[in-house]
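Student: Below, each chain spelled out in residue letters.
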Amino acid sequence: MSPADTILVALLLPLVGAVGIVLAGRWPNLRETVTLVTATSLAIVVWSLIPLIMDGGRPGVVVAELFGGLTLAFSVEPLGMLFAALASALWIVNSVYSIGYMRGNNEKNQTRFYVCFAVALSAVMGVAFADNLLTLFLCYELLTLSTYPLVAHKGDEATIRSARIYLGILLATSIGLLLPAIIWTYTVAGTLTFTPGGILAGNLEGPAVGLLLGLYVFGIGKAALMPVHRWLPAAMVAPTPVSALLHAVAVVKAGVFTVTKVIIYVFGVENLFAEPSGGWLLYAAAFTIIAASVVALRQQNLKRMLAYSTIGQLSYVVLAAAVLTPLSEIGAAVHIVAHAFGKITLFFAAGAIYTASKKTELHQLRGIGARMPWTMAAFTIAALSMIGVPPTGGFVSKWFILAGSFQSDNYVAIFTIILSTVLNAAYFLPVIFAAWFSREPEGGKDHGEAPWPAVLALCITAAATLGFFFFNQPVLDLESQLVGRIK
Amino acid sequence: MSLAAQLPALQVVVPLLTAPLLVLLRGPSLAWAAATAASLTSFAIAIALTAAVLGQGALHYEMGGWQAPFGITLDIDALGALMLLLITGASSVALVSGRESLARDIDPGRLHLFYAAWLIAVAGLSGIAVTGDAFNVFVFMEISSLATYVLIAAGPDRRALTATFKYLIMGTIGATFYLIGVGLVYMMTGTLNFADMEVRVADVTDQLPILVAAGFITVGLALKAAVFPLHLWLPNAYTHAPHIVTAFLAACSTKVAIYVLLRFDFFVFQGNLEDHAFQFSMFLAPLALLGILVGSAVAMVEGNLKRLLAFSSVAQIGYILLGASFASEAGLTAAVAHMFNHALAKGGLFLAVAAIAMRVSGVRLTDIGGVGRRMPWTTAGLVIAGASLVGIPGTAGFVSKWLLLQAAFQQGTLGIMAAVVVILSSLAAVVYVWRIVEQAYFGEPAAEGITVGEAPWPLLAGVWMVALANIYFGVSPELPVALAESAAGELLRHLP
Chain A
82 MSPADTILVA LLLPLVGAVG IVLAGRWPNL RETVTLVTAT SLAIVVWSLI PLIMDGGRPG
142 VVVAELFGGL TLAFSVEPLG MLFAALASAL WIVNSVYSIG YMRGNNEKNQ TRFYVCFAVA
202 LSAVMGVAFA DNLLTLFLCY ELLTLSTYPL VAHKGDEATI RSARIYLGIL LATSIGLLLP
262 AIIWTYTVAG TLTFTPGGIL AGNLEGPAVG LLLGLYVFGI GKAALMPVHR WLPAAMVAPT
322 PVSALLHAVA VVKAGVFTVT KVIIYVFGVE NLFAEPSGGW LLYAAAFTII AASVVALRQQ
382 NLKRMLAYST IGQLSYVVLA AAVLTPLSEI GAAVHIVAHA FGKITLFFAA GAIYTASKKT
442 ELHQLRGIGA RMPWTMAAFT IAALSMIGVP PTGGFVSKWF ILAGSFQSDN YVAIFTIILS
502 TVLNAAYFLP VIFAAWFSRE PEGGKDHGEA PWPAVLALCI TAAATLGFFF FNQPVLDLES
562 QLVGRIK
Chain B
16 MSLAAQLPAL QVVVPLLTAP LLVLLRGPSL AWAAATAASL TSFAIAIALT AAVLGQGALH
76 YEMGGWQAPF GITLDIDALG ALMLLLITGA SSVALVSGRE SLARDIDPGR LHLFYAAWLI
136 AVAGLSGIAV TGDAFNVFVF MEISSLATYV LIAAGPDRRA LTATFKYLIM GTIGATFYLI
196 GVGLVYMMTG TLNFADMEVR VADVTDQLPI LVAAGFITVG LALKAAVFPL HLWLPNAYTH
256 APHIVTAFLA ACSTKVAIYV LLRFDFFVFQ GNLEDHAFQF SMFLAPLALL GILVGSAVAM
316 VEGNLKRLLA FSSVAQIGYI LLGASFASEA GLTAAVAHMF NHALAKGGLF LAVAAIAMRV
376 SGVRLTDIGG VGRRMPWTTA GLVIAGASLV GIPGTAGFVS KWLLLQAAFQ QGTLGIMAAV
436 VVILSSLAAV VYVWRIVEQA YFGEPAAEGI TVGEAPWPLL AGVWMVALAN IYFGVSPELP
496 VALAESAAGE LLRHLP
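Residue numbers (our numbering), protein chains in the order written: chain A, 82 to 568; chain B, 16 to 511.
Hints in this document: simulated from the structure, not taken from any laboratory.
Using N, Cα and C, we set each Cβ at its ideal position, and we do this for glycine too.
Treat each hint with caution, since some may be false.
As the list claims (entries may be wrong) - With a straight-line Cα cutoff of 25 Å, these simulated SDA-like cross-link-like pairs (lysine to any residue) come out:
#1 A:Lys235 <-> B:Pro391
#2 A:Lys235 <-> B:Trp392
#3 A:Lys235 <-> B:Ile486
#4 A:Lys235 <-> A:Gly257
#5 A:Lys235 <-> B:Gly384
#6 A:Lys189 <-> B:Asn287
#7 A:Lys235 <-> B:Leu45
#8 A:Lys189 <-> B:Phe298
#9 A:Lys235 <-> B:Gly468
#10 A:Lys189 <-> B:Gly385
#11 A:Lys189 <-> B:Phe457
As the list claims (entries may be wrong) - Residues from chain A shown here face chain B by an in silico Cβ test under 8 Å; the list is partial:
#12 Leu147
#13 Gly150
#14 Gly236
#15 Ala253
Whenever a hint applies, use it, and build me the whole structure from the sequences.
Tutor: Below is the structure:
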């Protein structure tokens, strides 16, 4: 199989899986087998590309010629490789978890759930491998639309209202801001293909650069930069596996991934660094990090707290990309991975707690560590990773972002990271403390751990969070290609 | 002479001569079969003509061998070919899939007459697209309009009659204005042939009657094309016509009027009248923008599904005119491509509405609550066509929206304002399409008049054929874009 075929297979495999899931819909065990087989094969296919990319290969394939020299094309470069590898691997774990969660809660319409999940993963692969902005935009919108049924899964009045906010914000920003930004880019640059060094260099300068950057950054609503973050807490009405894989990893990472990609391959890091009008992005990201952390402090609901934590952590990636130094760009890529492991674990834990005890609020969690030791241990590890304590993955990315900030003496970024570390500790540590050391209130429901697939899944991701601290060299090797040699 | 050489004439002759036969056939099934066969034949002819135009350029045909300017000529260029595809394609899909829906809406004793009127409408609309003679356009316009009045008046309740009357009055005024304009041009140049006029108007450009003629023709055709604020006849006509008729008319009828408008303004007046391009743009662009805004805004709050889509059409006609008013190659390409893509999207939506109307008691938004669960396939088709109307990438609608925005960006500051309006209206489209989708999937089913199950399979097949076409032309838009680019090139031949 040539690399070009591999890319196509990676895009089509989840769709084929979706058809299989529909056909097997009547037999739940068979249906879940199809999901697991699809997820595993996808991961194998995607991971098989890694050696080639590590060696500097950039395979590509053109699917269709559109109009005016525009194409529907896919290619693999380090950042997309990382994102695709991450999403496809976590899909396996998440599928195991989904089985435990969806059955444990007797959810309705499970076939639709798995089908939409598979379609969403196909769209994620498309976003990761897109060779130009048009292809990326197409897959981005497909991702929005295919996740809508997942968010609206419950189908009651409140859910539909939240799902409307979800769809409304994501579609409105992408059509209202991102599309004009892309067309503007096409008008001035004459191409939309992602090119190392950027395609706007020499074509656009002055305040227009800052304006275009704004159209991109806010148009990519999935990156949840304030004030277009409201959809993410709204999306928390979805079943927890959706929040875990899509709204901690795939969808939100598609957002920051796109922002990073636009900065590196459309604007060009050096070009943007030389242009003062793009400097506001750093402040916008810094504001989002601090504000989201403060809002997270005030949340009473566990999933909503995690959602605001995600908003803050996403802006870490944007901030890192906006620092515009080689090390910080690597930090952005690493943080995509590190945060993914940690946050998916946190959501898995939240879902496991809900499945076992129906508890959703923070104050209900007192003493729960004794009843669910595995879950809470994983939760603790992941929370420490969010704060950035060694030996967890979160420390690695924070290290690189800080190192990158020192490279350009960017004190705004440094101060923001320090302050937000304090704030992260302030909202995670009390929860951990209460879970382990407080006494459980009298008269609660007697329960143990969640179903074993769910516990297994969250243990795996927690182990990955720890493991990433020690084994991160391959990721660094891959991503250092992004910026050429580390200076 | 081979048959292939006669195709331009056959395009009109086939439906026109089949129509009287239908009156003799009487039986509703037989009439439907004959009408469908004639329509499919016309579609085949249109495809053959399009292939010829793409291959060898514009076609020229002399009726009865009489040379222009004495005889009547038929001239088919890329724009005309695109029109023919739309007219005959929409008619064929609507007839093939709409038999049971029409049988429900129309008295069986008159069904054969209805089909005859349908074919006459097809003949008239095709005639406008092929003829190279200005007076011929008027004749065909009257033929198609009279037939269209019949089709709309066949609607299931009596409000169809008032809607028809309104359309009839306004349509007649429009046609009369057009005739006055043509008369003035004839008075000054002594010719009715478009190609001949194009040359002869140059001698009399400083004469007032020509300017007056340009005004009359533009306004008259704008009335026919339902350009804001002359759109008042359209929502009622679309709402109260039989559902299948609405699907047919929404796909092609107003676009034919725009076609004539473009031909007259760009071929005859552009390049001859001083500053005509400027006047044309400055007159139409504000109307287009207002139409986009008003149509979208009304569609957002409208409660009747067909009326909602009709107001959306008013906005979409604005898109087409906006593209044309840029009078640039990119703008005209966008306008012509949007004629094609909007026909796909809106035709698909109205077909889906017709399918849903077979199973629920009405077409208000509250009537369609929960149809997504009972008619999953029909509703899925509706969602795809709706996505195309919004301009979601991967659908046909996205292609023309992209082209239009790109054309707007080339126009400088005013163009950016236009782009903002287009984007606002796209967001409005998200809202009004979403109201339909959300109601279909999550709404409470209306209590009475519920029949369980999908629409009859021909109708369902029609909906899906159009839905898939929306996706096909979204992913490989060569055909409409090639025709549109070629048409834009021809239209611009008088401009620098």
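Student: Run the distance test for Lys235 (chain A) versus Gly257 (chain A): straight-line Cα separation, threshold 25 Å.
Tutor: violated, 29 Å
Student: Should the interface hint for Leu147 (chain A) be scored as holding, given a Cβ-Cβ cut-off of 8 Å against chain B?
Tutor: holds, 6 Å
Student: Can you confirm whether the C-alpha distance between Lys189 (chain A) and Asn287 (chain B) stays at or below 25 Å?
Tutor: Violated. Lys189 (chain A) to Asn287 (chain B) sits at ~69 Å, over the 25 Å cutoff.
Student: Are the Cα positions of Lys189 (chain A) and Gly385 (chain B) separated by 25 Å at most?
Tutor: holds, 17 Å
Student: Hinted pair, alpha-carbon criterion (25 Å max): Lys189 (chain A), Phe298 (chain B). Please report holds or violated.
Tutor: violated, 57 Å
Student: Measure nothing beyond the straight line between the CA atoms of Lys235 (chain A) and Trp392 (chain B); if it is 25 Å or shorter, mark the hint as holding.
Tutor: Measuring from Cα to Cα gives roughly 21 Å; hence the hint holds.
Student: Given the proposed pairing of Lys235 (chain A) with Pro391 (chain B), does the C-alpha separation stay at or below 25 Å?
Tutor: holds, 18 Å
Student: Holds or violated: is the Cβ of Gly236 (chain A) closer than 8 Å to a Cβ in chain B?
Tutor: Hint on Gly236 (chain A): holds, closest Cβ of chain B at ~6 Å, below 8 Å.
Student: Per the CB criterion, is Gly150 (chain A) less than 8 Å away from chain B?
Tutor: Violated: closest Cβ of chain B sits about 12 Å from Gly150 (chain A), beyond 8 Å.
Student: With the threshold set at 25 Å, check whether the alpha-carbon distance from Lys235 (chain A) to Leu45 (chain B) stays at or below it.
Tutor: violated, 50 Å
Student: Holds or violated: Lys235 (chain A) with Gly468 (chain B), Cα cutoff 25 Å?
Tutor: holds, 24 Å
Student: Hinted pair, alpha-carbon criterion (25 Å max): Lys235 (chain A), Ile486 (chain B). Please report holds or violated.
Tutor: violated, 29 Å
Checked against the numbered hints above, the structure violates hints 3, 4, 6, 7, 8 and 13; every other hint is satisfied.
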